[in-house]
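Q: Kindly produce the complete structure, drawing on both the sequences and the hints.
Top to bottom, those sequences are chains A and B. All the letters of the first sequence, read from the start, carry residue numbers -16 to 315 under the numbering used here. All the letters of the second sequence, read from the start, carry residue numbers -16 to 315 under the numbering used here.
Just so you know, the hints here were simulated from the structure itself, not pulled from any lab data. Hints are supplied without guarantee of correctness; some may be wrong.
Stated by the list, open to error - Among the chain A residues that face chain B by a calculated CB cut under 7 Å, a handful are: (1) -9; (2) -8; (3) -2; (4) 26; (5) 33; (6) 37; (7) 75; (8) 124; (9) 126; (10) 167; (11) 216; (12) 219; (13) 306; (14) 312.
Nothing here was measured: the structure is a model prediction, and the numbers come from that model. From the three backbone atoms N, C-alpha and C, an ideal C-beta is built for every residue, glycine too.
Number of protein chains: 2
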Amino acid sequence: MQDTHISLAHGNGGRYMRELIEQLFARHLDNPLLNTQLDAARLPVIEGVPMMTTDGFTVQPLEFPGGNIGSLAIHGTVNDLAVAGAQPLYITLNAFIEEGLEIALLDRIIASLAKAAEEAGVAVVAGDTKVLRQGEGGGLYLATTGIGQQITDHLDMQKIKPGDQILVSGPVGDHGTAVMLAREQFGLRGNLISDSASVLPLTRAVINIPGLSFMRDPTRGGLASVMNEVHQATKLGISLQQEYIPINDAVNTVCEMLGYDPLYLACEGRVVAIVDPSDATQVLHAWKQQAAGQQAAIIGQITQQNYVSLKTPLGGERILEELEDDPLPRIC
Amino acid sequence: MQDTHISLAHGNGGRYMRELIEQLFARHLDNPLLNTQLDAARLPVIEGVPMMTTDGFTVQPLEFPGGNIGSLAIHGTVNDLAVAGAQPLYITLNAFIEEGLEIALLDRIIASLAKAAEEAGVAVVAGDTKVLRQGEGGGLYLATTGIGQQITDHLDMQKIKPGDQILVSGPVGDHGTAVMLAREQFGLRGNLISDSASVLPLTRAVINIPGLSFMRDPTRGGLASVMNEVHQATKLGISLQQEYIPINDAVNTVCEMLGYDPLYLACEGRVVAIVDPSDATQVLHAWKQQAAGQQAAIIGQITQQNYVSLKTPLGGERILEELEDDPLPRIC
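A: Below you can see the structure in the form of C-alpha cells.
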C-alpha cells in the first residue's frame, strides 16, 4: 500500500478497500478459515453447545502501556467466553476507521490483535471495514464477536448462596488507571501497565472445581459493578473486606490524587469468582499456581443483606452503590 | 427511562446503562436466548456446518425511505449468510451511540431492527453498547455478526466458466439513490425507497438449482463491484448488456443529474447469481414467482476476456473498472 493515511476511498468497496483488506488485515490475520472473497466463513462443525458473545471497543488513546485497542478487542471477547465456561474458537472483527488515521498505527494495532488471537488460540474468520469521515470517528472503533464451545455447564448464578466466598484473581483497576495516565491530561506519568490479557489460563485452572458457581471479568464499572450485578440477579447481599482486595500501590496513589475509586475502574485481565466455602481455598491455590494469579485473594462473601458493602480495616462499612455518573468514558 | 437523550452515563456499566439495555434494547429484542445478565449466550446445538459473517453499518441519515440503520443491519447480515448458502440463525449486535442521540430515535431504530430480525427468522442473542462523546460518533454505528447453518455446498466461485449466465433479482441502485436523496444536500426530492430487505425468499427459491454456482448481494460498490470481484477471483471476463439491467427510472434520472453510475450504487435487497446456461431460465422463473423478483433479468454472461464490460444498445462497449474514488460515503 502506498498511502500513509486512511482516506474515504479505503471504504468504498473498490480497489483501495481491497488493498487495505488484503495487504493489512488479511496479511496479519491469515488463517485457513479466513477467505476475504466470501460473504460468510465456512466453519468446522462445533461439537456440543455453542456460546456466543460480542463487544465494542472505543478505548482512547488507541495505544496504552500494556496493549492497544487491537489486543484489547481479542482479550475482551475471549474473556467473556472464558468466564462463561466456554472454549473460545472463532472471532469476527468489525473496524470503523476514521479518515486520516495513520496506516502505520492501524498496522501495529492489527498486528497486535493477530498476536493476541494466536496466543488465545482463536481464529479471526470474518471481518468488515467501514471508513468514517474525519470528525465522525474518534480514530478507530472495533467490534468483535466470538463463538466458542461450552466446556462446563455447572456455572449458574442461581446457585449462589449466603456464605459463598468471593475471590479475585489479581489486583483491580490497573487497566482503567493505565489508560487514564496514557491520556496525559492530568499531567501525571507512571509505570503502570494495563492488565489486558486472556484469562483462559485462569479460568481453565478452576473450571472443573464443583463449588464454582460464577465467574466474571470486571471490565467497565470494575469490581464494584460486578458485585452489584450479582446482587441484582440473586437479590443476595455482598460483603467485601477492603484490606483483602489486591490493589497496586500506583493505582491507589493515582486514584487518591484524582478522586477515583479503584473498585469502579476497569480490569481487562482479571477474574472474579464466587465459590462454595468448601472449595474456596482450592480455587485460590489453583490461581496462585498461575503466573497471572500470584496476587489472587479471597475478598469477601455472599450475605443475606440487601446491599453490597465494603468493610474497612477499622470496622466501618461503606455501601458500594451501583455506578451512576460516568467516571471515565472510552476506557475499553 | 426518564431521559430523552443519550448521555455518557448510559455507557459506564452502571445503572443508566442497565436501564438503557433493559428498557430499550432487551424490550424490543426479547427472546429466550437473550439474557442480558450473562457474558455469553448459550445457543442450541448447530447441526452441520456453521457459517459466520459480520458487517458494520454507518448509514447517514440514520432513517431513510424504506428503512433505517437498524433494519439495514439485520438485512445486511442475513443477506450475507443467505447468498453464501446458509440459513441464518443467530445475530449479535454492537451499538456505538453518540452522546446526545435522541432516545426516541434509538427506540425506533431498535424496534425496526427487532421487526426485521423476526421477519427473517433470526434471534439477537447477545449485544453490547458503547457511548461516544459528542463529536466522536456520527450519531449511531452498528455492527452485527450472524451465524447460520450451511444448507447447500454446491456454491463455488471456482465452478464459474465461460458461457455461464449472469442474473440480477431486481433493479439496481435503489438503496444508494434513496439514501442520497434522504440527505437532502442536493436539493432533490423523490419517491424512491431503498430496496433494503431480507433476500431469503429469493435465495431459498433457487438454492437447489444445480447449475447455480454463485450468489452475492451487490451492496457497497454495487453491481459493477461484484462483477469486478468475480473477475478478480476467477480471472474470467464479464460482459453485461446495458439494456437488460433493470434500473428504476427515478434512479436513472437522479444519477444522470448528479453524475453517478447506478451500476456502482449500493443495493440492500438484491441478489446477483451466476448460473450454468442450461439452468439460467429456471433461476429466472423461480425469481419471477417471488414478490421481490418481478423484475429479475438475465443481464449478461461470463466470457474469456480479461475485463468486465458493458455492451450498450447501440453496439458500443464500455469497461466497468474497479471502483477507485469514493462515490458516496456512509451509504450502508
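Q: Next step is simple, just say for each hint if it's right about the structure.
A: Evaluation of the provided hints:
About 4 Å separates the beta-carbon of residue -9 of chain A from the nearest beta-carbon of chain B, less than 7 Å, and the hint is met. The beta carbon of residue -8 of chain A comes within 5 Å of a beta carbon in chain B, closer than 7 Å, and the hint placing it at the interface holds. Interface hint status for residue -2 of chain A: upheld, as the beta-carbon distance to the closest one in chain B is roughly 5 Å, under 7 Å. Contact between residue 26 of chain A and chain B, as hinted, is supported at the beta carbon level, the nearest pair being about 4 Å apart and thus within 7 Å.
Below 7 Å, beta-carbon pairs count as interface contacts, and residue 33 of chain A has one with chain B at about 4 Å; its hint therefore holds. Hint status for residue 37 of chain A relative to chain B: holds, with the closest Cβ pair at about 4 Å, below 7 Å. Restraint check, residue 75 of chain A versus chain B: the minimum CB separation of about 4 Å is within 7 Å; hint holds. Annotation: residue 124 of chain A was flagged as interfacial toward chain B, and the flag holds, the nearest CB pair being 6 Å apart, inside 7 Å.
The beta carbon of residue 126 of chain A comes within 4 Å of a beta carbon in chain B, closer than 7 Å, and the hint placing it at the interface holds. For residue 167 of chain A, the shortest C-beta to C-beta distance to chain B is roughly 17 Å, which exceeds 7 Å, and the interface hint is violated. For residue 216 of chain A, the interface hint holds, the least distance from its beta-carbon to any beta-carbon of chain B being 5 Å, beneath 7 Å. A distance limit of 7 Å between C-beta atoms decides the matter here; for residue 219 of chain A the minimum to chain B is near 14 Å, and the interface restraint is violated.
At about 3 Å, the closest approach between the beta carbon of residue 306 of chain A and any beta carbon in chain B falls short of 7 Å, and the interface hint on this residue holds. Hint status for residue 312 of chain A: holds, given a least beta-carbon distance of 5 Å to chain B, under 7 Å.
The earlier numbered hints that this structure contradicts are 10 and 12.
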